[in-house]
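**Student:** The primary structure of each chain is shown beneath.
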Amino acid sequence: GAVVSQHPSRVICKSGTSVKIECRSLDFQATTMFWYRQFPKQSLMLMATSNEGSKATYEQGVEKDKFLINHASLTLSTLTVTSAHPEDSSFYICSASMEIPTPYTFGSGTRLTVV
Amino acid sequence: DAKTTQPPSMDCAEGRAANLPCNHSTISGNEYVYWYRQIHSQGPQYIIHGLKNNETNEMASLIITEDRKSSTLILPHATLRDTAVYYCIVARNNAGNMLTFGGGTRLMVKP
Numbered sequence: 001g002a003v004v005s006q007h008p009s010r011v012i013c014k015s016g017t018s019v020k021i022e023c024r025s026l027d028f029q030a031t032t033m034f035w036y037r038q039f040p041k042q043s044l045m046l047m048a049t050s051n052e053g054s055k056a057t058y059e060q061g062v063e064k065d066k067f068l069i070n071h072a073s074l075t076l077s078t079l080t081v082t083s084a085h086p087e088d089s090s091f092y093i094c095s096a097s098m099e100i101p102t103p104y105t106f107g108s109g110t111r112l113t114v115v
Numbered sequence: 001d002a003k004t005t006q007p008p009s010m011d012c013a014e015g016r017a018a019n020l021p022c023n024h025s026t027i028s029g030n031e032y033v034y035w036y037r038q039i040h041s042q043g044p045q046y047i048i049h050g051l052k053n054n055e056t057n058e059m060a061s062l063i064i065t066e067d068r069k070s071s072t073l074i075l076p077h078a079t080l081r082d083t084a085v086y087y088c089i090v091a092r093n094n095a096g097n098m099l100t101f102g103g104g105t106r107l108m109v110k111p
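Protein sequences, first through last, are from chains A and U.
For what it's worth, the working numbering labels the leading residue of the first sequence as 1, then goes sequentially.
For what it's worth, the working numbering labels the leading residue of the second sequence as 1, then goes sequentially.
Chain A on its own, in the form it takes in the complex (with noise of 0.2 angstroms):
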């Protein structure tokens, strides 16, 4: 079945430094990949829709310059949280599909903390 790989899983980082979270798809080409954040006791909120190529598009209310999104290749996008703050710690998690009927798979998600 699909596998989406997310790297890593957990991350602290500084106030105002950047990080950067993977997301792969193991075993199948993904055009299209989404990425969701989750608050604590929180359902998931979609934040931007990563497109293979091109710019992504991103979710009302998402700064596009704080979470840079970066789909260069059919298996491969990356979200870098830039200029970090306490309110952007987090579960980031994204997901991807292979051709359609197939559902969508989800990767294991990244705990992000800014200290």
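Calculated directly from the structure, the hints in this document are not laboratory data.
A quick note: this is a predicted structure, and the numbers were derived from the prediction, not measured.
Some hints could be false.
[What the hints assert, rightly or not] Calculated cross-link-like contacts (lysine-lysine; reagent style BS3-like; alpha-carbon spacing at most 30 angstroms):
id, chain 1, residue 1, chain 2, residue 2
1, A, Lys41, U, Lys110
2, A, Lys64, U, Lys3
3, A, Lys41, A, Lys66
4, A, Lys41, U, Lys69
Here the structure of chain A is known, so what remains is to put chain U in place on it, guided by the hints.
**Tutor:** Positioned in the frame of chain A, the structure of chain U alone reads:
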């Protein structure tokens, strides 16, 4: 995409069937019903999906009403490891179409 309504929490005894309901009264004809679950601090795990017919796999069964306005996920013999938040999502089955998560149902399986 259509919105869904799920009870916020449910309990189930270990070994018994867990029946998780979902209302999706505004579902469109080309929208599927998906079920995912999320165990604490992990990414969502796909369980099952369907359009109009009932579906069964090694994890669960999905019962969709004839008018498609509601569905039930059935875990036939719940175990402690099935304790998780279960999300019912309706979405078109198109490439590039994202899944929108609601509040889900927190299922607690008790010994």
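**Student:** Now, for every hint given, state plainly whether the structure supports it.
**Tutor:** Going down the list of hints, with the structure as the test:
1. A:Lys41 / U:Lys110: Roughly 21 angstroms separates the two Cα atoms, so the pair holds.
2. A:Lys64 / U:Lys3: Roughly 27 angstroms separates the two Cα atoms, so the pair holds.
3. A:Lys41 / A:Lys66: holds (24 angstroms)
4. A:Lys41 / U:Lys69: holds (28 angstroms)
When the structure is compared with the earlier hints, no violation turns up for any of them.
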